[in-house]
Amino acid sequence: MSLVTPELEAALADAHRREWAFVLAATVRVAGDLDLAQECAQEAYVAALQTWGQRGIPASPGAWLTTTARRKALDLLRRDATLHRKLPLLIEPEQGPPDDEHDVPDDRLRLVFTCCHPALSPEAQVALTLRLVCGVDTAEIARAFLVPEPTMAARITRAKKKIAVARIPYRVPAVEELPERLDPVLTAVHLLFTTGHTSPTGEELMRHDLADRAVALARTLVGLLPAEPEARGLLGLLLLTDARRATRVGDDGRLLRLDEQDRSRWDQAALTEGMRQTAEALTTGGAGRFTLQAAIAGVHAAAPRSSDTDWPRIVHLYDALLGVWDSPVVALNRAVAVSFSTGPVPALELVEQLARDGRLSSYAYLPATRAYLLRELGRSDEAADQYAAAAALTGNAREREFLLQEARNTVAGVR
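Here the numbering used here = 1-based position in the sequence shown + 1183.
Please note: incorrect hints may appear among the correct ones.
The calculated lysine to any residue pairs, modelled on SDA-like cross-linking and capped at a C-alpha distance of 25 Å, are [as the list claims (entries may be wrong)]:
#: 1; residue 1: Lys1345; residue 2: Gln1225
#: 2; residue 1: Lys1345; residue 2: Ser1304
#: 3; residue 1: Lys1345; residue 2: Leu1365
#: 4; residue 1: Lys1343; residue 2: Asp1218
#: 5; residue 1: Lys1345; residue 2: Pro1301
#: 6; residue 1: Lys1344; residue 2: Leu1533
#: 7; residue 1: Lys1344; residue 2: Leu1259
#: 8; residue 1: Lys1343; residue 2: Asp1366
#: 9; residue 1: Lys1343; residue 2: Arg1428
#: 10; residue 1: Lys1344; residue 2: Arg1364
#: 11; residue 1: Lys1343; residue 2: Leu1408
#: 12; residue 1: Lys1343; residue 2: Asp1320
#: 13; residue 1: Lys1343; residue 2: Ala1575
#: 14; residue 1: Lys1343; residue 2: Gly1318
#: 15; residue 1: Lys1343; residue 2: Glu1332
#: 16; residue 1: Lys1343; residue 2: Leu1329
#: 17; residue 1: Lys1343; residue 2: Ala1327
#: 18; residue 1: Lys1345; residue 2: Phe1328
#: 19; residue 1: Lys1345; residue 2: Thr1370
#: 20; residue 1: Lys1343; residue 2: Ala1357
#: 21; residue 1: Lys1343; residue 2: Phe1328
#: 22; residue 1: Lys1343; residue 2: Gln1221
#: 23; residue 1: Lys1345; residue 2: Ala1357
#: 24; residue 1: Lys1345; residue 2: Ala1322
Note that these hints are calculated values from the structure, not bench results. Treat the numbers as computed from the prediction; the structure is a model and nothing was measured.
Between the sequences and the hints, there should be enough to build the whole structure, so can you do that?
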């Protein structure tokens, strides 16, 4: 009889958070079918609850789970030799040793490329990858896409049904096919990092495991496709952003604005590598959306103090970014840069235009930005109301408390 202790529960939770992507990706290569691989991976975690309770937590939980899941998949395949004809294949059966057959060195990244099949819409590719490969909750994916959770759940379900009904022969793409799948892969990795950088829900500001996983995947992408500037641009963006990790929350647990952070504590190694990757991406060819975002992050990183930030340069980069990526979030970020470069009046006009547009109606940073600008203009009551509205839209406890405190400070006249 196994004993479920707090230590065992914590180990399983940590193994699910850190190892799920490894376990699922490795099992898919054996099972040849995503649903079967998911079932076997889930059964492996159930088996761990009993086995670890009896024999103790293994030294390498991820390796134990992977071995168990793959064995379960092989047992099922052996029991029913016709299974691969009854279920739609996700990946074509391997011939020969895995390392000799494939050019993608990371099982997780291999599965990301697989989910990003051209037969699915770009939104479905990214959502499927985040949900199945990265283990991100449907609710968190919905927040990232600025759509209701039922809408996102239906989108993921439709994508899986299309795989099943159309019998899409998913397989690991050859090297020459990788570039056509690169953009949704980069998008998935970026959204994975964004979800980790500021968790959509929960008590903590960050999910470090997701941020770390995204940086590792971006680094693998650069090694896989060194001539692709957008892969370098993404890695540069993630490194420059993640370099501020240790300074985003104060000793008292309060979220700190960029101008409040101690820049001497930013990760200098990450900044140096991020700047190098960004520079190489910019000199390789036409700047894409990830490279331009990295360039913006680089302007922030290059300023010794917040007051030294070259805001006109940032506005210029946002103009270029909007030229290649017409996103309302980018337009909102540009409005913030305009406020520092030109003033709050023109920036507020831009924000009001975005509010009328409607696409950011559930995006907490829209009323938060409006609140900041209203406060700068001395319209304190309106600003406080907007901070409260922003707090109601965020599911992250640290962000919510920060916004509510800003509302209280605004009413009290504290800056």
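Does the structure keep Lys1343 and Leu1408 at a Cα separation of 25 Å or less?
-> The hint is violated at about 28 Å.
Exercise for review: Would you check the hint for Lys1343 and Leu1329, treating anything up to 25 Å between C-alpha atoms as holding?
Suggested key: Answer holds: Lys1343 to Leu1329 is near 21 Å, not above 25 Å.
ask   = Is Lys1343 within 25 Å of Ala1327, Cα to Cα?
value = holds, 20 Å
- Message: Hinted pair, alpha-carbon criterion (25 Å max): Lys1343, Glu1332. Please report holds or violated.
- Response: holds, 17 Å
Check whether the Cα positions of Lys1345 and Ala1322 lie no farther apart than 25 Å.
holds, 22 Å
Q) Taken at face value, is the distance from the CA of Leu1365 to the CA of Lys1345 at most 25 Å? A) Since the Cα atoms of Lys1345 and Leu1365 sit roughly 21 Å apart, the hinted pair holds (cutoff 25 Å).
Between Lys1343 and Ala1357, does the CA-CA distance stay at or below 25 Å? holds, 23 Å
Need the status of pair Lys1344, Leu1533: alpha-carbon distance at most 25 Å?
Between Lys1344 and Leu1533 the Cα gap is close to 41 Å, so the pair fails against 25 Å, i.e. violated.
>> Lys1343 and Ala1575 were given as a pair; does the straight-line alpha-carbon distance stay at or below 25 Å?
In response: Violated. Lys1343 to Ala1575 sits at ~33 Å, over the 25 Å cutoff.
Checklist line | Agreement of Lys1343 and Asp1320 with the hint, judged by alpha carbon distance not exceeding 25 Å | finding: holds, 16 Å
_Proposed proximity, Thr1370 with Lys1345 (alpha carbon, max 25 Å)_ = holds, 21 Å
CA of Lys1343 to CA of Gln1221, is that 25 Å or under? holds, 13 Å
Checked against the numbered hints given earlier, this structure breaks hints 6, 9, 11 and 13; the rest are met.
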